[in-house]
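Start from the sequences, fold in the hints, and give me the full structure.
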Amino acid sequence: MSVPILDVIDLHAAYGRIEVLRGVDLSVPRGAVMALLGPNGAGKSTLVKVISGQKEATSGDIHLAGVHVQGAASDALARVGLCTIPEGRSVFPNLTVEENLVLMSYAGVPAAAVLDTAYGYFPRLHERRHQLAGTMSGGEQQMLAMSRALASDPALLLLDELSMGLAPLIVDELYETVARIAESGVSILCIEQFARTALRVADYAAVMSGGRIVATGEPGEILDTMADVILGGAA
Amino acid sequence: MSSLFAFTLLGLFTGAAYAIMASGLVLTYTTTRVFNIAHGAFGMFLAFVFWDFTQRQGLPTVLSLVLVVGVVAPAIGWFIQRFVTRGLGEGPVSVALVVTVGLLVGLIGLAQQIWPPEPRVLLPFWSGTGWQVGDTFVTAHQLVTLVCAIAVAFGLYLLLSRTRIGTAMRASVDNPELLKLFGGKPDRVAALSWAIGMSLAALGGILLTPVVLLDYYALTLLVINAYAAAMLGRLKSLPMTFAGAMILGVLESWAVGYLPTDGFLASFRPVIPALFLFAIVVLMPQAQLRIGQVKGIVTAPVPTMRLSLGSGTGLLVAALLLVNVVAPNQVLLIGVAATYAMVMLSLVLLTGYGGHVSLAQFTFAGVGALAYAKLDEPNLFGLLLSAVIAAAVGALVALPVLRLTGLYLALSTMAFAVLMDKVVFNAEFAFKFNGTLAADRLSILGMRIGSDTAYVWFMVLAFVLLALGLLVLRRGALGRLLIAMRDSPSACGTLGLDLRWFRVGLFALSAGVAGLAGGLFAGLRGTVGAADFLYFQSLLVLLLAVVFGATSVTGALLGGTALMLLPEFQAASPSMAGLLFAVIGFGAVLLGRDPNGIANHVFRIGRWLRSRIAPGLEGRLQGLLPRGGGSDGAVDVPLVDIAVDVEKVG
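Taken in sequence, the protein lines are chains H and D.
Residues in the first sequence are numbered consecutively from 161, following the numbering used here.
Residues in the second sequence are numbered consecutively from -8, following the numbering used here.
Warning: the hint list may mix true and false statements.
[To be verified] List time: in silico DMTMM-like cross-link candidates among lysine to aspartate or glutamate, alpha-carbon distance up to 25 Å:
| no. | chain 1 | residue 1 | chain 2 | residue 2 |
| --- | --- | --- | --- | --- |
| 1 | H | K215 | D | D178 |
| 2 | H | K215 | D | D165 |
| 3 | H | K215 | H | D170 |
| 4 | H | K215 | H | E336 |
| 5 | D | K176 | H | D170 |
| 6 | H | K215 | D | E168 |
| 7 | D | K176 | H | E258 |
| 8 | D | K176 | H | E247 |
| 9 | D | K423 | D | E368 |
| 10 | D | K176 | H | D235 |
| 11 | D | K423 | D | D478 |
| 12 | D | K413 | D | D478 |
| 13 | D | K176 | H | D313 |
FYI, nobody ran anything at the bench for these hints, they're computed from the structure.
Below is the structure:
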């Protein structure tokens, strides 16, 4: 059995005295797409922050591809192949599209290769390469953000609320991109409030509630039991 | 016509040096959101280092230039970013301002400590070499300046738009966290921009030194030129900054050429940068409100009425004892401390409660003193009238800058302070150049408070009354409005509060309090002059107010006492004078992050003592008395008083 790409063991994290993660156990197999679902305030985004090194955990362990990484800085993690796309628009609004793409080369892929990949996938970005990223539509900005996941060839991709504030049509388009990234062998942990969208591309799913993972399994099972889980029927 | 050409050319050369300095300021601001008030002070300090290298150590000029600009300055920049200004950009503007003002004062002190005052000459590069262009003689130094400016402009352009690290510099303004997720290192980026900024400050300082001479204050003041130029570019655009610097240089040069050499107009010559800054800040489009700025600023607790009345009485009693015990010349010092404490009270209102930073508070005190001396009505009416005049001047300053907040407001007050200091206070109708005005002691209902002790005690009384008034204000509806305005102007806007006139009123009130202090000070001294109200004093007042706590009345009292003691210590040990400045300045750098200051720690001691002693005491009292209900009031009051009195005596 191969080592999982991400292994989280009994992770705790808190904002001040308020504990948000209360012992999270989660494992993402290599090459799989895992959807992490759950209601508001379940701790999903906090989990992403802790895994990506933006926030310190109070206790517990995180292994990336078998390596204990807790306490590593987020920029160091990004350079070794963890690509995090945070909530909201994760682009620099006052830089042009091209400048945004150039900055993606910090993750280790040469700038020219980043530009090639991004423009190959999204010709629309090429049309707008000299436009300020902040002046593009929400969907286009999210394309730009996804370019980083495509171009930087990560080992693990963390996606936080990809669909936030976007029209359903665009969300579907973006998830097609996610599926394409998954086909290239990238493992993905994908956080989503809208279960159905995410479950379509996921191999596994986990449900988070009250700072813990309360259910894991195949997308089908989760979809059936989710209402119960979230509303507190089964736990 | 040829003289116009000559003056324009000269102006362009000076402008080039300003441009170098201003571009450094803009670079650090755009990448880290910290406006470095001390930019000029760093230029000054590094110019002194350059002098040290070339003159004292005898290193070759070019080598020293490379060492200072290429090694010392970047190292200082890295150090400052790493240990002082890191993370300041996200905090409230006032904190960043106070910290950099602290750096300014500290650097001046440090420079005075390392290089004690003595005449020093720094020769221009290749002095003596030059070329005749038309009717004008262009020196090699001027040409070097221009070449440097052009090189800096091109270098910065290439760095910021053609390199990845330059792009990262611009990116880190928006969102340093995201840059980290991209794999970049925002700290390294910020350190680089500070290093480059320092190098530019050093280069600008060194190039300007032969023009303005190696002087602690003149070189530091050059930063106003840099601010003005940077403001034209709205702290963002480098090309506009260069344009602003050139315009400023030419304007100054024309002023030298065409303004009359004597009379009132002549005094405008040194303040052209300040005027320029003021004009640009006023004419600029409205600065955007910062949204989501609410960062739990924990304010010092507002004392209860009983506690404040008790402490006030305690302070009055202590002052009464003190003025009768100490030597006569020290009685006056207590009066000075009371003046400073009152000026700081005005800052508690404006900065502590209102969240606005003013760098002109002592100037308002000067206006009050001037009005008091000129009115020549040494009674309560005259005193109040001079306070009202100071308030009116404060409102006048606040009116044009009504729309501005934070940084822009602070800079316009600084420009105003320099303007008053150099032009108005020295004018014929005011104190006159190097002159003084006589002011009589106050009389109340025909009774002249003649003796020093009585007058000083009256000043302490005035302080206590003002402090009580301030606390009453803070506890009322106005106080709530003030705090709401400070915490989130945009939230106030959505509630339908029109804050602009309120802000003018706040500014006026604060200026009025300072003016009252100034009037009393004039009466205390008997003679007052422009030298008593230098703009630099306002910086010290702000610093000490923040160090000792700008959010509480106790902080004002402690700060006032410390500001009075400062020159006394200096006089006692002149060799340590600079060091003292340095300690104060760098102390502010350390403490500036907590606007509650030292006063808050005093409160903590008081609370700790109460929690330790009060229960035991109460228990004992309960044993003695049938009912111990009235005892806690008696326990409350002395504890804070003790802390205050100890500071007062020390």
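Now for the hints, and whether the structure bears them out:
no. : hint              : verdict
1   : H:K215 <-> D:D178 : 17 Å, holds
2   : H:K215 <-> D:D165 : 19 Å, holds
3   : H:K215 <-> H:D170 : 16 Å, holds
4   : H:K215 <-> H:E336 : 30 Å, violated
5   : D:K176 <-> H:D170 : 30 Å, violated
6   : H:K215 <-> D:E168 : 11 Å, holds
7   : D:K176 <-> H:E258 : 20 Å, holds
8   : D:K176 <-> H:E247 : 20 Å, holds
9   : D:K423 <-> D:E368 : 20 Å, holds
10  : D:K176 <-> H:D235 : 6 Å, holds
11  : D:K423 <-> D:D478 : 43 Å, violated
12  : D:K413 <-> D:D478 : 35 Å, violated
13  : D:K176 <-> H:D313 : 20 Å, holds
Hints 4, 5, 11, 12 from the earlier list are contradicted by this structure; the remaining hints agree with it.
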